[in-house]
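Undergrad: Spelled out from the first residue to the last, the chains are:
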Amino acid sequence: MNCGVCTAICPAAEFYNYDPRVIVETVQRGNEEEIEELLKSDTIWYCGECMSCKTRCPRCNTPGLVIMALRKISQELGYFVYSEKGRQQYALKHVIGESILKRGYCVTPDLVKPEMHPEQGPVWEWIYEHLDDVYERTHSNYRQPGAGALREVDSESMDELRKIFDVTGGTEFLEKIDSCSQHVADKEKIDLEEAYFLKTYMENSGRHQ
Amino acid sequence: MNLEGKQQIWKDYQKEIADDRYFYARSCIRQTFFPGSEWAYLDIMKNKLAKDVIDDPRHTTCTGIGYHSDIVPAETIMTVVARHFALMTEAGYENMTPSCITSFGIYTEILETWHHHPEVEEKIREFLWKATKREFKKPRNLAHTSDIIYKFRNEIAAQAKYKLVDVHTGRPLRGVDHIGCHYSKMFPTKGIGGAEFPAVLSGMIYAWGGDVIDYPERRHCCGFGFRQYLVMANRGYSVANSKKKFESMQPYEPDFIVANCPGCAMFMDKWQYTISEMEGTTYGQDGYGIPVLTYEELTALVLGYDPWEIGLQMHQVSVEPLLDKMGISYNPEAKFKNIRGEDIGVPKCPTYLRV
Ligand code: SF4
Ligand code: SF4
Chain A
0 MNCGVCTAIC PAAEFYNYDP RVIVETVQRG NEEEIEELLK SDTIWYCGEC
50 MSCKTRCPRC NTPGLVIMAL RKISQELGYF VYSEKGRQQY ALKHVIGESI
100 LKRGYCVTPD LVKPEMHPEQ GPVWEWIYEH LDDVYERTHS NYRQPGAGAL
150 REVDSESMDE LRKIFDVTGG TEFLEKIDSC SQHVADKEKI DLEEAYFLKT
200 YMENSGRHQ
Chain B
0 MNLEGKQQIW KDYQKEIADD RYFYARSCIR QTFFPGSEWA YLDIMKNKLA
50 KDVIDDPRHT TCTGIGYHSD IVPAETIMTV VARHFALMTE AGYENMTPSC
100 ITSFGIYTEI LETWHHHPEV EEKIREFLWK ATKREFKKPR NLAHTSDIIY
150 KFRNEIAAQA KYKLVDVHTG RPLRGVDHIG CHYSKMFPTK GIGGAEFPAV
200 LSGMIYAWGG DVIDYPERRH CCGFGFRQYL VMANRGYSVA NSKKKFESMQ
250 PYEPDFIVAN CPGCAMFMDK WQYTISEMEG TTYGQDGYGI PVLTYEELTA
300 LVLGYDPWEI GLQMHQVSVE PLLDKMGISY NPEAKFKNIR GEDIGVPKCP
350 TYLRV
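Those sequence lines, one after another, are chains A and B. Just so it is clear: in the first sequence, position 98 is 97 by numbering that gives the first Met the number 0, and no numbers are missing. Just so it is clear: in the second sequence, position 30 is 29 by numbering that gives the first Met the number 0, and no numbers are missing.
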């Protein structure tokens, strides 16, 4: 089927030059060249993984899951660095991936730096300047051992988490993102963790709509 | 259609929710932006509803934001979740209750995957053993923490100090509910009301005296989109989706928004500020925004908790207009003080959004 219901419901299709119906069609056609082009394109990085398409597809397809598979392959083959949106995987690895392995959380308050998050507004800025006071007031256990919100994860649990990444291929996957990105940063003669990170985090050619 | 048939159909939209002994799985986003909600939930469960909930400090992220940002492979997240099942099993619990819609979606997806592909479950058991020497039983019951509040909404109503009613006019307050895409769009039978009839939050609103707004974009995504928010260059996607929702709900003059997912609550709160700075537009009455609450905050307000103790000062959109309508007494002076009542400054004022 090729009904386009997914495209009609898709929030990404509304704001980007993106069409999940066409993605599914391309994958089903199975033309290697076309698929390689897709894996190197910005297109596969527009989806928000909301899975609204899962609910609506009359054939029980999930374009969002097809996208997840394409994104995985694109990174395994190193194709993600060919597109602006694909290169952002380095920024995500740098921020979220490293937070998981260092702190045991995807996101922590100190990660939400006001200068990187102007949209968070002045209340967040105030919270950020008074993390200990604000979290104490709201009954948290910020960066302390034991139970409670925002507690420091104990070192044994952190070791287990890292070991899980090692045995399941998670570590290798993050290293692959790193090495492909390093290659591009070297070519551009810029530092990976500073200049390349900022570039992938902030660059927008404006050619995505 | 006869009533029996209708009841049969409606049964498909119900779900089984355990009634006690829960293993609590915290949320990275909720504890960062709404730590008071997590505290209030546990306090309500233990001290108002007399339930047994375990909060195990060895629990970590589920890595869900990494998974949906496509930097964490499926095998990895499944094994991390398997470790959480192991902690639950070791503690002697069987009911898993994540406090995050992303986690809930992931737990559901993993259990479904294992159900259809037992060989994947076997492989994950081997991975977990290799990495941690742990074993696990799958949860007997999986419920989002809002499902639990929904289940006990009438018990909560019986203990309510305040109702969702405008004390000045007697009018039921109008709430917008946002259940979050990953609550039931992927597996509609796992959410109360499925993807079509959002009932988990509206059930609470009705039980506590309020009214629910059924607006055109009620089911639309808040716009998180994982990489679409996390990477600065993509945030236009996020704010545009929330704006679409605000414009669709505003004509119905909502008194508040309540969200299932901590991310959605944070976005709908913060994006109102961003849109006001970008365009000068505000969506509430008299230049204010529409107050956005987590369901724990809504529950706690109804039960008479102090607004600042549950962290409502951490919201960008002021909640005072809602507190005033509900007739809740609060100390405005205490809002931005620390726990010892000391002055730690106050946030700057936005350009357009009234606070
Ligand atoms: S999951 Fe992706 S393709 Fe599907 S509706 Fe959401 S944004 Fe569109
Ligand atoms: S994936 Fe489903 S909804 Fe999308 S075009 Fe194909 S059949 Fe239609």
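The reader is advised that the hints may include incorrect statements.
[As the list claims (entries may be wrong)] Beta-carbon label-pair distances, calculated as ranges:
#1 B:Tyr329 - A:Pro144: 47 to 53 Å
#2 A:Glu202 - B:Gly286: 41 to 47 Å
#3 B:Tyr251 - A:Val21: 34 to 40 Å
[What the hints assert, rightly or not] DSSO-like cross-link-like pairs, simulated, lysine-lysine; straight-line CA separation at most 27 Å:
#4 A:Lys112 - B:Lys137
#5 A:Lys175 - B:Lys242
#6 A:Lys162 - B:Lys324
[What the hints assert, rightly or not] Chain A regions said to be covered by chain B (calculated; three or more residues, Cβ under 8 Å):
#7 15-22
#8 26-35
#9 62-75
#10 127-133
Think of the hints as simulated: they come from the structure by calculation, not from any bench. Glycine included, each C-beta is placed from N, C-alpha and C at the ideal position.
Undergrad: Please name the hints from earlier in the document that this structure breaks, with their numbers sorted from lowest to highest.
TA: Result: hints 1, 2, 4, 5, 6, 7, 8 break, sorted rising.
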